[in-house]
Every structure is written in C-alpha cells, then in structure tokens.
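Asks: One letter stands for each residue in the lines below.
Number of protein chains: 2
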Amino acid sequence: MTASREEALARDAADPLRSLRDEFELPEGVIYLDGNSLGALPRRTAARVATTIEGEWGRGLIRSWNTACWIDLAQAIGDCIGTLVGAAPGEISVGDSTSVNLFKALSAASGLQKSDAPSRTTLLSERSNFPTDLYIAESVAAAAGLKLRLVDAGDLADHLNHDVAVLMLTHVNYRSGRMHDLADLTRIAHAAGALTVWDLAHSAGAVPVDLLGAEADFAVGCGYKYLNGGPGAPAFVWAHPRHTARMDREGLRQPLSGWLGHAAPFDFVPVYRPASGIGRFVCGTPPIVAMKALQCGLEVFAAANALGGMTALRAKSLALTDLFIARVESICAGQGLELTTPRDPALRGSQASFAHADGYAIMQALIERGVIGDFRAGHAETGEQNLMRFGFTPLYTRYIDAWDAADILAEVLGSGAWREPRFHRRAAVT
Amino acid sequence: MTASREEALARDAADPLRSLRDEFELPEGVIYLDGNSLGALPRRTAARVATTIEGEWGRGLIRSWNTACWIDLAQAIGDCIGTLVGAAPGEISVGDSTSVNLFKALSAASGLQKSDAPSRTTLLSERSNFPTDLYIAESVAAAAGLKLRLVDAGDLADHLNHDVAVLMLTHVNYRSGRMHDLADLTRIAHAAGALTVWDLAHSAGAVPVDLLGAEADFAVGCGYKYLNGGPGAPAFVWAHPRHTARMDREGLRQPLSGWLGHAAPFDFVPVYRPASGIGRFVCGTPPIVAMKALQCGLEVFAAANALGGMTALRAKSLALTDLFIARVESICAGQGLELTTPRDPALRGSQASFAHADGYAIMQALIERGVIGDFRAGHAETGEQNLMRFGFTPLYTRYIDAWDAADILAEVLGSGAWREPRFHRRAAVT
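Those sequence lines, one after another, are chains A and B. Heads up, the first sequence is in this note's numbering, so the first residue is 45 and it goes up one at a time. Heads up, the second sequence is in this note's numbering, so the first residue is 45 and it goes up one at a time.
Keep in mind that the hints were calculated from the coordinates and are not lab data.
Quick look at which bits of chain B chain A covers, simulated, 3 or more residues with Cβ under 8 angstroms:
id: 1; region: 169 to 177
id: 2; region: 272 to 281
id: 3; region: 314 to 328
id: 4; region: 332 to 346
Beta carbons: idealized from backbone N, C-alpha and C, even for Gly.
Please work from the sequences and hints to get the whole structure.
Replies: Laid out in structure tokens, this is it:
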C-alpha cells in the first residue's frame, strides 16, 4: 500500500524499469493513461520513419524491396511479437488490421472444424467482446453456416459443449479489463472438441501470454495499443504450427488469398498455391512505413528484456493498477464510482475501469486537466454501464502518475467541475 | 517524332507540366521508370509524416482522432482520388490493401447477383490479369458458388453471356500495358446482365477514368503506384451509388464487417449494422501515418489540375511512351526486343513493355546504369513472354529521360554487357 505522494516518488526512484520511460516522447503536463487505446510515441520512431521515407523510398525507390530488406520486414516484426506472446520464430504474420486478421483466423478455424466436425453449429463468444470481433464473427459465422452465440464471461465454460465449433474470445476485455485464463479456457474448449481464436489486442505487450504453452489454436493482436506502433499500426495473426502443418498437407487456405501469401509470389502464376506455414495468412503488399514504426515499438520491448521482460512489466502493471484503485477508492468514496476491473490480479489486465453514469463528462474534465483516459458508453439492454477506462503501460507510466491521476479525479468529482455543459458535448471519437 | 537529344530537351523546356517534377525527390543519376510499381517520393511527404508522428501522435496522442481530424482522413483522401477516377465525393473508401478491397468489392458484386440472378455461375476475368486479382477471385468464387473462367483479353466480349454473374478486370494490364475500354466493356457486360469490378491499379493517376460516366459497378485501386503514396500505401474501393443505395435499403453487407464500417462505431453495440453508402466498405482502424503519406501524393495531382489535370497528364504520358517506343525500335533493331504494349494510343496505358528472353539480366544491367524499370517473368504454359516494363509517370518523367533510357538500353544490348553472370542472379523481389 502506497501511503503518500513521497512514497509514490520513492517507488519510481527504486523502479528497475524506470529507464524505459526515456524511450518515449511524452508531452509535458500530461498523465497518459490511454496506452490501451493508442500507445505513446517511442523516441526512436520519428528518425526511423524519416530514414525509411527519405533514404529507402526516396533514394532507394523500388530497389529497397531487396536492398533495405522490405520483403523480410513483416516476418522480422512477427518474430519480435512472438517473444511477447509465446510464439516461435516464423509463426506470426504482421500486416492488415486486427479485424482483417480476425477474419482470416476465424475463417481458418471454422474451415478446419467444418471438415473435422461438421455437426458443430456454434461459434461461441462473450457478449461484451469488442464489437469488431462480434461483427467479424457474425460475418464468418454466416459464411460458414455457424450460429454466433454470445454469453456472459462467467458462463463460457458451461456453454462449451459438443455443439461448439469455435470459441472466440478477447483475452482481456476492452471495457472491464477482466482477463480470461487463456490456458484454462483453451483446455476446456479442446476437451469439448472446440478450437480457440484469441484476440490479444489488450494483452500483447501488457500481460504475459504463452500461446504455445497453452496449445492455443489461433490468435490475433493489435499493433497500436501496448506495442506502441502508432495510430492504425499493422496487426498480427498467429496459428499453431499443428494447424499450419495440416493446412500445408491438405492445401487449405484462408479466404484472403492475396498474392504475397502465395508460395512463389514473384513467379506471377495465375493459380493460387498457398505459402507454407503462417505465410498463407499474408495477403497484399505490406505497409512498409507503418511497419517500420511498429518495429520501433517492439525494439523498446527488446530493451525491456534486459530488465526482466514481461514478468517485470506485469509486476509493475499490477502494482500501478493496485495503487490507482486503492487511492481512487480511498479519496473518491461516495462519488458514485464503481470499480468494474477485477481486484484479483489473476483476473486483471493492465487497466482500471470505473463505472459512473456521467463518465463521459468526467473524463472530458480530466482530459482538460491533463489526465488522459477514455470513455466507453454502456447499454441499458445489455446491462453495461458507462465506463471510464484508465490504461497503465508499465513501459512509461510511473507510480506518481497513478497517484496524481487519482488526486485529479478526486478534485474533478469533489468540485463538480465536470457538470459544466461543455464537458457533455460528444466528440466524433470517444 | 523526336529526332535528336536536343529536341527532347526542347520538349521538356516547352512542357507545361515541367514544374511538377519539382514536387518530387528524385535521386541524381537515376532515370526512374518504375512508378507503375512504386511511385516516387513527393517532396512534401517527409515533413507531413514527421508532423503526424511528432505532433499529432507524440503530443496529441489519442486526442488527435478528434483534434487532428484523423477520423475524417480516409474520407478526405477518398474524395481526392474520386476526382482522378470519375467518382463523386463520399463514394470512395480508403484503407486496407488492394487485395482486401477487391475481396470486399467482388463479394458485394457476387452477393447482389446471387440475389438477382442466382442461375448465373461464372466469374469472368482475363487470363493474364494480375495474380492477386485471380487469387482473390478464386476465393470469392468458391465462397459464392461461382466458377472462375479466365479467357484472353480479345475473347472477353464473346464470353459475356447469360451465365456471367461478374466481370472482373484490371483496366490496364500489369504486363503488357494494354488498356481495356472500360465504358465499352461495362456496357457489354450490363447488356449481358453481368456486373463489373474494375481494378484501377495501373490507371488511377495514370490515365483518365470516368467510373460514373461509364456506369461501372465496383472498382478498387492502389495507392503506391501512380498515386505516389509510398511502399504498401493504403488502397481504395468504390461502389456505384445505385449499389450502395440498394445495400442501404436491403441491409446488405460485404464480409469484412469491421467496427469502423458500422453505422455508429462509437456506440459499441454488439450487433453489426452497416454504415450507409461506401461506409460499409470500411473495416478496421485506418492506418493514419500511411494515409498522411498518401494524402501528399494526391496533393501533387491537385497542383496538376491547375495545369490541365488528367487530360494534360494523359497527353504527356502518350508522348513519352511514343518517344520511347520509337527510339528503342530505331536503335535496338535486331536485338531481339518485341514490343508487347499496343501502339494504338486508345489501347495503351502509361507504360511500354518489351519482351526479351533475357529480360531479367538486361534489366539488372540497366538498373546498374541508373535506368530503373522492372521485369516480369513469362510462362511457357500460358504463352506469356519474359517482359521488361518501363513505366512513364508524366508528373515527373521527362522527354530526355525517355530518350536517354532508350540510348542506355541500346548500349546494354549492343555491348552484351547483360551477359555477365552477376546480372543473372535472381533477387528476392523481381
């Protein structure tokens, strides 16, 4: 328990990861608690992108596909991501958006089950999964002849029966920050004969993940949240090698069969023949400039590895959310806040979410005071509450940030500052 | 007919578009004739991207979705592209790769036909279409219960019968540079009851296109060729408003139903409801940094509009390819070159391709001498020859470049310099 501002400062001074904050450009006067939506800018990114644009593109022109190894970039970045999520080199493909990669993974999983267990008719997911996951699942389910069934998180295990073809879950819930036990649910799903597709959008770079250890089936993840790849950064997709090996043997494909997922793209033959392994999940030409930015974000994790890596980052993440939750509950009592993030560390991702009916206006008042989190609207029909989300990125968030953010939240609530009409006007993006 | 080097220089001096070359960074000692594969770097791009990264991302952080209008960027860029291809404001969606957008457009076209004309079973295309188009078509055809039929370009009209659901063509062939008559084939397709999906990868920014005038159905295009958006730049998709209006009325969707294609993405509701118009073709979070680079490429076309726009660019493009073809045929006679690009301007895109069995090595020797084109391998089974491609981008290519490139090609061929073994070693990307 941190009892004072001085104690928070002392924890920062003693933090073995404190040097990592210097890897980031962070504006003065801002406490940034929205790295779960858009990660902060690594210091090295601007120069790397400038070199890519002026040198590799401008002077190297088309030659840079070979001379600057652009053609190998997606694979190199995939291998870096693999070290964060428990995948082996060569198992991750980088490119496209999370939604597009989820379409590939879900289609592949559904296709395998259609062949192995055609009687299974359910694609199971969580009711409060991130909407894009549910929207893509609707589409894949319709194409594969499956029925999308949405249940509450606590009821998932009960619904994993002989009718489930695929279980699709986001590892850490984007609203509540509640984390599933990836290994346990994968085991239960496999025992029921289902395949798993995991969305690691709020996990990769935030919490330890061991895809191979859990024998998971498919996974996707996001490049612009905890991986700090920049707005709209390329996403990634992983498939367990037992599935890609089988797809190799049986010539199976996923539907987005673009030319760079061909076994020999530069032969320019008219008939598609999928590349082996994860290569068949590649589609079009990779976005080089955006991938160079993502690479910079991943290099910061390489620096973190010398300081304890994901284990140390996870310990600090939990300490930060513990501090913030305790301090908020201590000084904002009676102000109508309700913690929706689990207190149990085993169930908590790297964020703390508080429900409040006027969360939108309160968050706007906080942002004006330099505390940047975000707001996610609730829905009466699903019982979801209006939420304020505070994301904690152990690479650059300090204990003093958690302490001060709680104090500023208490000030906003105590003063009623958020009641000003201007804080209630909705922006285009919330 | 240009008769001398001096005359080529005089044509450049008199060229009303000559100032546009100053909009680009072009390395000294290079004649760049591969803008049909990767367009050159606009001068304004590096600074714009630096501002996006350092200011908007680094300092603005998540707020920039609103304050820097990131959320409106895809639409703004789409409207710029619309002016080049004959689409109205609000009709083009920018983002994802060409392959992914083709998947959306082909799926939508097939879906409409499945509803209107379920007895039609053919997806018709050209045998020598760009492979990614054929690979994606294979996939969509399999999902939609269609058969992909590939014929020679000259036989397309004969195959447009009552069995064709969708005609999918690339407007300008990536190998030969042969251009289809988009309006005429669209008319024939419609008369036969088929819908058209046009790939404008080698057209947008290179030749005039009038999608609305031709009453075409769907189109996609590439951001990194003649639009100069950078390696792997976002692509675009267009649908005629009569189709999007119908999709609105009937609640139809394309399969990549990601969250930003939702009617109200920031309501975060669990059930997908497509955005109206072209909005339903949006999928995941847009790649902001890459889109800013693409925007710079399009601003150069805005500058070109004051100098005659696509009409003037087209006239110069044809003059450049005329000059190059005439000069090559005059000074490389007997060296085994065979022009595969149509001499008829009405059938010619913005490139000149010459077949030569040893095209790969000859191109490597040219590149070493600063003349950068590219090579596309032929295939005995389809009768395709090995090709050298020379792309002419009227925004920055000069008459003297066409003249000198022909001279250097004649030198390489006449001296047999390309016979050196090192020019025969294949690189990863050709």
